[in-house]
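**Q** Just so you know, the sequences run in chain order A and B. Residue 140 in my numbering sits at position 140 of the first sequence; the count goes up by one each step and never skips. Residue 1134 in my numbering sits at position 134 of the second sequence; the count goes up by one each step and never skips.
Simulated from the structure, these hints should not be mistaken for laboratory data. From a predicted model like this one, the values you see are computed outputs, not experimental measurements. Keep in mind that a hint or two might mislead.
To be verified - Listed next, with one range per pair, are the computed distances between beta-carbon atoms:
hint, chain 1, residue 1, chain 2, residue 2, range
1, A, E99, B, F1351, 56 to 62 Å
2, A, E61, B, Q1216, 40 to 46 Å
3, B, P1014, A, K88, 33 to 39 Å
4, B, Q1012, A, A84, 35 to 41 Å
5, B, Q1012, A, E61, 27 to 33 Å
6, B, D1182, A, K150, 45 to 51 Å
7, B, I1023, A, A84, 27 to 33 Å
8, A, E61, B, F1305, 32 to 38 Å
9, A, G117, B, L1241, 54 to 60 Å
10, B, Q1216, A, L102, 45 to 51 Å
11, A, W98, B, S1033, 20 to 26 Å
Said to hold, decoys possible - The calculated BS3-like cross-link candidates involving lysine-lysine, where the alpha carbons are at most 25 Å apart (straight line), are:
hint, chain 1, residue 1, chain 2, residue 2
12, B, K1229, B, K1066
13, A, K183, A, K126
14, B, K1005, A, K68
15, A, K37, B, K1268
16, B, K1363, B, K1267
17, B, K1350, B, K1304
18, A, K37, B, K1267
19, B, K1080, B, K1108
20, A, K195, A, K183
For each residue, glycine too, the CB sits at the ideal point set by N, CA and C.
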Amino acid sequence: MHEPVCLSCGQLIRDHLDLENLLFSAPLCAGCRSQLKPVNRHFHVEGVDILVLQEYTPFLERLFFQYKEGLDVALAPLFLEKAACFKKYPVYILPSWWEKSLQRGFEPMERILAAHGILCSCPFVKLVPYKQSSLSGAARRSMQGRLALKDLASVQPEGILADDVLTTGSTLLEACRLSGLKKAVVLAAHPDWLKENESGFKICPAPNVFRKLPFQI
Amino acid sequence: MRELKCIRCGNQDPRFFHEDRGIWYCRKCIGFSRMDAGQTLGPAVLKLPVWKGEIHLDFPLTSLQKSASASALSALQSGKDVFVYAAAGAGKTEMTLASIDWFLKQGKKVCFAISRRQVVLEIAERLRSAFPGLQVVEVCQHHTDVIDGDLIVCTTHQLYRYPGAFDLLILDELDAFPYADDEVLHSLAYTACRGVKMMLSATPDAEIMHMVETGQAEMITLFQRPHGKKLPVPICRFGPLAFQLVWCIRAISRFQGRQVLVFVPRKKDVLWVCSLLSLFFSCKGVHSGTDAKDDILSAFRAGKFQVLVSTTLLERGITIGSVQVIVLMASHPVFTCASLVQIFGRAGRKFTDPEGECLCFAKKSVPSLTSCIEQLQCMNRSVCPADS
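Just chain B, with the same shape it has in the complex (with noise of 0.2 Å):
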């Protein structure tokens, strides 16, 4: 067989390749509808956007937030890419404003790409709010029937649609599941980018490290949260499960009525873990099948109940007001270092109630844990060393 190259997901080997009637095709990225050898992928034909207005933000950035994100614009109009490694809660989204103002501005294409469908609703909100005028189009699934805005906010997956169609690329949250370790989404982004990129983590994974390291981008750090406050670093506790669920139900007393985020390794601890809480507290709780996501996160934010149980799916990029934070069963392996940091961004992370409380409980102490709040103390160290 001679050698076949799939040109929109990279694909060189054999075993991703079927002929069909003497035509050879890519079955590695196949779930993006078919691509033939010799097929051509033109850029996909968006309009122009239209932007004169001004940036809105309910909050002043800080001026740390302020010469990042100068940094990052510097940087991206001199046609590097940016690496942006910023703690949670510490403003990455806010940071890309400029960039994104300054390249609308300029005429040029810009896309917000992002793992989770979830957080890409979110942040197609927080980016409405903050472009008032500006059509911003929230792609991914369920919302397919527009594709096209002056800017737009899509999953990763649904890059496919767009080969060659963007200026400035901003890939949120790269290091988080299903878009890290996934070659064909990778692909698709590269493919789609025909200018910059600007990544945002709070979790860089040792790829991004090395992109650095060998200079294709530019690392641009900020790990201070815009109230000044440090990271919350989580208390732990060990012992069998019946204790760590007494301790849980002990700690959402004490906090007398405050939201709480209880997460728990898998979708049945959910359903059981929820159950149980539900004797005691006004609680809920999701996970990737749950078919209301949107509804009973809505309702949290609204205060409708005081407990939401879930698993790693609320682990990132979502701002849920004033909540703590609570990790049942902390040591089962699906709770890595890199989420357990993001997990315990969740709280503090509002002006008015920075101090938010993070517990965690397992049966035993492992590595991811002791990583996560050594990470987590580095980072505090860097923002206020004389409290180290």
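Extracted from the complex, chain A is given alone in its bound form (with noise of 0.2 Å):
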């Protein structure tokens, strides 16, 4: 058996060892896992519930870079700690234009969502390419289009969309409003989608799961 090194700088993690690498197997030694920024609120916009877990920082972008440009597939489990918030719902997550997936050969949600056993399905398709970096704002607000719900998809109105990260959250504001969903999950939102929003934040005090905080599940 050999010793765990962290995901990220392939350090031993006993060099950087604290308390939840103690505890837990995590994936992250403590100096990396200190670069990231928890949320884990709860903020409403346009009457979809949306859980915020990280912020978007510079350490987390280049995590998420290895992972879909790398194909870096080992760090799929770090993006998402603790997975509990899934567990109850259906959950759907939104799409990769068709030949980014073929040329990464996995759906980058879906596979963060299955190293924690969690299944799901993709109810939508992109019907053009774009990516979001290359897009002006005004055209990143816009999605009329560009996204649609497959023919014949069942989407279930308590499930769960989730989304790896939130720029403008116009994506995902468009597949709930083509589905129904009133719910989401995002791993990691833009700090200026953080700041523009900051007066839709509540934490929650409502008893389902869904509405507490995921170190409180």
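Hey, can you piece these two chains together into the complex? The hints should help.
**A** Structure follows, in structure tokens:
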């Protein structure tokens, strides 16, 4: 049995220990984990309850790039350390452009959820190829005609829409509008989006699992 | 698990392999794109260089430089790797020109690889001027649209693009971060070279010296600068930080408008030292996180401000005309002996101003500082024995 190494920096985890490493088999060393910024907050935007787990920091951006563009699937489990918020609901994900999926050989969000034993389906289809980072702010906000619900797709309204990175939220909100979903979980939200939606933030006191923070479950 | 080996970085450590649906891939060099087990690493397909011109230099090489340059070329022609041990400012880059010229004229592929992006841009410019008409391409961060030319100048990170591509690979500043101590970068360099290597440094580490001792590389030394003057040896003063700042301000005033490079150990020190010095002089700061690094450096070269505060970012490879050097907080561990030798090597490089002044302010004397001074004195003795 080999000693575990940090998935990000490759150093021995025992060289940078903290309580989390001692109690759980965390995939990141304490030094790398300190670069994550957990958010764990609900935001209400256009009638959709969005749970944001992390802030999209440069460190996380590098990890996502390594995972999605470098095809480093070993990183999949670390984007979702606490998966309990998904357990009781059907989970739906947003699609990638089909050429990109073929090129990668996997759907990034599906792989992240699968690493935690969560099954999901994708009831949407991307109608045109686009990359968020290549669009202007106005184009990012206007998602009409870019996304559609698949024919015969069945979406249960109590389900959760899961997405990896929230930049403007327009794709996520368009998907919710098309499918009638009212709850979403995003792994990381851009700091600008968090700032813009600060007023929509609330800690939900409701007793059901979805409305609790991950560490309270 | 059966034994795996990455053909790109040579990794055999099972902790750095991951299985993806039955296919193992290396995670040690994953930053350079994914390398699956069984995947072949074909040689990079590059165009052959065309060079029939002559080397152009603003100053002729000294007899010592010519002799060292010829020895290096002769060793390379006989298929031996070469290590050039030369003082900072002795003209290491110029010593490579004859070898580059010969290899290019044979239609062979040549690459000049350096650890730092900043230095890549500067060396590319110097090579462009030395080989007029030759297509010299720089390949580094923000310069990756064109990756092939008659002569490639790149960071050691970018060597992953060129497996088995080069007949002559010149590795400058071997002992510099991040190349030094990075197994993956070493492997990329070895994979990129199908011919011979020419390694350059002013501060070789034990690994390089071991290569020389075991006959893996031939060492050529050059400790005299082209202007023939001795290397500047720093004058040290020891005291608390407040005193160091006062000495620093007084020294810059004494330089009467001549440009000064002030080195500090950490990024945060750049900010406050720069703010303080700005009260007295025209001053700017630069560190690895500075967005407009190139612009600031160009403005400093153009003499638009007097003082440039930097971390060790500018310790190597950068040639700035007539400049004096001050190191603040020199007892900080970031200033290793090699780092200090390089830093003081920034001064006195110009023919028009060969007597650069170096000042070193520290809380106390530390071994890195004393061995740096010893090394510089030793180099000076080797070229001017009468002065010892």
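**Q** Taking the hints in turn, state whether each one holds.
**A** Here's how the hints hold up against the structure:
no. : hint                           : result
1   : E99(A) / F1351(B): 56 to 62 Å  : holds (58 Å)
2   : E61(A) / Q1216(B): 40 to 46 Å  : holds (41 Å)
3   : P1014(B) / K88(A): 33 to 39 Å  : holds (38 Å)
4   : Q1012(B) / A84(A): 35 to 41 Å  : holds (39 Å)
5   : Q1012(B) / E61(A): 27 to 33 Å  : holds (31 Å)
6   : D1182(B) / K150(A): 45 to 51 Å : holds (47 Å)
7   : I1023(B) / A84(A): 27 to 33 Å  : holds (31 Å)
8   : E61(A) / F1305(B): 32 to 38 Å  : holds (34 Å)
9   : G117(A) / L1241(B): 54 to 60 Å : holds (56 Å)
10  : Q1216(B) / L102(A): 45 to 51 Å : holds (46 Å)
11  : W98(A) / S1033(B): 20 to 26 Å  : holds (22 Å)
12  : K1229(B) / K1066(B)            : holds (18 Å)
13  : K183(A) / K126(A)              : holds (20 Å)
14  : K1005(B) / K68(A)              : holds (24 Å)
15  : K37(A) / K1268(B)              : holds (22 Å)
16  : K1363(B) / K1267(B)            : holds (19 Å)
17  : K1350(B) / K1304(B)            : holds (19 Å)
18  : K37(A) / K1267(B)              : holds (22 Å)
19  : K1080(B) / K1108(B)            : holds (16 Å)
20  : K195(A) / K183(A)              : holds (20 Å)
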